[in-house]
Amino acid sequence: MSDVVHELKKNRTLFLMILPAVLITLVFSYIPMSGLILAFKDYRFDKGIFGSDWIGLDNFRFFFISGTGLRVTVNTVVYNLVNLITSQALSVVVAIIITEMNAKYFKKLTQSLIFLPYFISWIIVGAFVYNIFNVEYGTLNSVLRFFGKEPVNLYQMPKAWFFVIMIFNSWKWVGYNSVVYISAITGVDASCYEAAEIDGANIWQRIYYITLPSIRPTIVIMLLLNVGRIMRGDFQMFYQIVGNNGQLYNATDVIDTFVFRSLTTSGDIGMTTAATLYQSVLCFIIITVVNGIVKRIEPDYALY
Amino acid sequence: MSASKVAFNITGYAFVILIALFCLLPFVMLVSASFSTEKAISLQGFGILPREFTTEAYELLFKYPQTILRAYGVSIFITVVGTILGLLITAMTGFVLSRSDFKYRNRFSFYFYFTTLFNGGMVSTYIFVIRYLHLKENLLAIILPLMLNVFYLLIMRSFIQAIPMSLVESAKIDGAGDFKIFCSIILPLSKAGLATIGLFIALGYWNDWYHAMLFISEREKWPLQYMLYDMLNTAQAMANLSTQANISLADVPSQSLRMAMAVVATGPALLLYPFVQKYFVKGVTVGAVKG
Numbered sequence: 001m002s003d004v005v006h007e008l009k010k011n012r013t014l015f016l017m018i019l020p021a022v023l024i025t026l027v028f029s030y031i032p033m034s035g036l037i038l039a040f041k042d043y044r045f046d047k048g049i050f051g052s053d054w055i056g057l058d059n060f061r062f063f064f065i066s067g068t069g070l071r072v073t074v075n076t077v078v079y080n081l082v083n084l085i086t087s088q089a090l091s092v093v094v095a096i097i098i099t100e101m102n103a104k105y106f107k108k109l110t111q112s113l114i115f116l117p118y119f120i121s122w123i124i125v126g127a128f129v130y131n132i133f134n135v136e137y138g139t140l141n142s143v144l145r146f147f148g149k150e151p152v153n154l155y156q157m158p159k160a161w162f163f164v165i166m167i168f169n170s171w172k173w174v175g176y177n178s179v180v181y182i183s184a185i186t187g188v189d190a191s192c193y194e195a196a197e198i199d200g201a202n203i204w205q206r207i208y209y210i211t212l213p214s215i216r217p218t219i220v221i222m223l224l225l226n227v228g229r230i231m232r233g234d235f236q237m238f239y240q241i242v243g244n245n246g247q248l249y250n251a252t253d254v255i256d257t258f259v260f261r262s263l264t265t266s267g268d269i270g271m272t273t274a275a276t277l278y279q280s281v282l283c284f285i286i287i288t289v290v291n292g293i294v295k296r297i298e299p300d301y302a303l304y
Numbered sequence: 001m002s003a004s005k006v007a008f009n010i011t012g013y014a015f016v017i018l019i020a021l022f023c024l025l026p027f028v029m030l031v032s033a034s035f036s037t038e039k040a041i042s043l044q045g046f047g048i049l050p051r052e053f054t055t056e057a058y059e060l061l062f063k064y065p066q067t068i069l070r071a072y073g074v075s076i077f078i079t080v081v082g083t084i085l086g087l088l089i090t091a092m093t094g095f096v097l098s099r100s101d102f103k104y105r106n107r108f109s110f111y112f113y114f115t116t117l118f119n120g121g122m123v124s125t126y127i128f129v130i131r132y133l134h135l136k137e138n139l140l141a142i143i144l145p146l147m148l149n150v151f152y153l154l155i156m157r158s159f160i161q162a163i164p165m166s167l168v169e170s171a172k173i174d175g176a177g178d179f180k181i182f183c184s185i186i187l188p189l190s191k192a193g194l195a196t197i198g199l200f201i202a203l204g205y206w207n208d209w210y211h212a213m214l215f216i217s218e219r220e221k222w223p224l225q226y227m228l229y230d231m232l233n234t235a236q237a238m239a240n241l242s243t244q245a246n247i248s249l250a251d252v253p254s255q256s257l258r259m260a261m262a263v264v265a266t267g268p269a270l271l272l273y274p275f276v277q278k279y280f281v282k283g284v285t286v287g288a289v290k291g
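Here the protein sequences come in this chain order: A and B. Numbering of the first sequence is given in the working numbering, commencing with residue 1 and proceeding in unit increments. Numbering of the second sequence is given in the working numbering, commencing with residue 1 and proceeding in unit increments.
If we strip away everything but chain A, and leave its shape as in the complex, we get:
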């Protein structure tokens, strides 16, 4: 204890400088964690978080009994896995092609265009979705009509949204992720490529035997970072793309959108907190386990 006091005195200024960040984190991250006890309570506004009555596991029972818990869990995991694989694969491919390009301005221009979607809000993406898929006015149906085809009502085809979400997710992140991979590729020792060239390797062999193995650590880290979030749906993305289209809920509900909608429609604080706690704990377990495995196999890649 005297150690701490001594340290506080010695580095008083440093402690003061870190204080605002510590307080903000305390107030907006740590203190709200205590609200998770509502998962075991019957929340009443007049009694507050700590005064409400304990009801055991009823909230969890209610979340799982209708099959909702399982459905949103499966949706969350499946969407995240597919989105993770497609967007990372696309980014690796784009990064490899861009680094192999020789035309400097062309390279810059394409990179700028590809990075553009990262820059805009999900609201604008929502506007794009409206512009493209709206049943009466959407561009998709305009184009279909132009070619003499029957217009489609995508909002009655829940399965199609699996692909819509996958495409928009890749679209939004391809620029950002490819920058990560481009920086990894530019870090590769140029003499490797020169040696390969002398040995007569063609471009495919160079990519397969030098580039891909060299960026493997980056790929692993990117996958790892995202596997840790596998139980967390990107609320903003799902909420803006799917909107208030009830027919799509079964196919597109992830835990986060489900929680938000239950909260705004039924106001069931207990059940939604139970869902959140379930999600947070699973998330934490998954990231700890995955990180532990990685630490054992390749310590350098571990997150912490």
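Quick caveat, the hints were computed from the structure, so don't treat them as lab data. Glycine included, C-beta positions come from ideal geometry on N, C-alpha and C. A couple of the hints might just be wrong.
As the list claims (entries may be wrong) - Simulated crosslink set (DSS-like; lysine-lysine; CA at most 27 angstroms straight-line): (1) LYS172/B x LYS9/A; (2) LYS282/B x LYS108/A; (3) LYS180/B x LYS9/A; (4) LYS10/A x LYS282/B; (5) LYS278/B x LYS9/A; (6) LYS278/B x LYS108/A; (7) LYS103/B x LYS295/A; (8) LYS172/B x LYS10/A; (9) LYS221/B x LYS63/B; (10) LYS103/B x LYS10/A; (11) LYS278/B x LYS104/A; (12) LYS282/B x LYS107/A.
Claimed, not checked - Distance ranges between label pairs, derived from CB positions: (13) SER2/B x VAL135/A: 49 to 57 angstroms; (14) ASP46/A x ALA162/B: 49 to 57 angstroms; (15) VAL220/A x LYS180/B: 18 to 26 angstroms.
Guided by the hints, dock chain B onto chain A, whose structure is given.
Only chain B this time, still in chain A's reference frame:
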């Protein structure tokens, strides 16, 4: 050039051009729709190019610009205040965490990092902000939660770690305090880092609608993105506009107006994009190295 290189170039360039066009196309379609007449849209739907070019949607939008200008004002206020405070806090904290002579730096790093692994979620945060912090209808409910991002903090720390520690030590010997060192050595030497992180923070504020949706219900306090969300999704917004402009609701070019609103909300920010893009790329690169 070898045959394999030619084959690679043809497929590679074609592929990347296709992806780049895909990234651009939605923007083109949005702008086209905003310049189309309502009649053409109702007959033929949105097109990839404008149908019967007109500026009526923009004219109507700018005839009564108060709503939009106020939303712009709110967004600019939130972005400026939040970015300045957030940048200051991020830089100070990054500086402290980069100091190898600060004994508890690892513990504090974990204190911040842990919040990315586990959190209280939307519901309890909502209850705390409304019931215990009493920030309903207060712009602080948007500004405070977005002020410190752990990922940016780690990037900032690596920017500052690149500054030679010997500079800090020699200043110490000359009798400078830690805050003085921060202001007169660290800040001037990490301009690139500050610009990068500042832009990331600013983008987060500018694009935020989520906190506005949760905590702000008074229309006068809505930031631009949430105002746009409302215009895109509710009929009420169109009705308000028709009363304001004193025309019947049926005469409001609601489709092109929605698209014009989206253009007006994004356009000015997009004009900055070519100038700031390189900082974002730099930030992502540094972040990628640190993981």
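Problem set entry | Earlier hints that do not hold, by number | 4, 5 and 15
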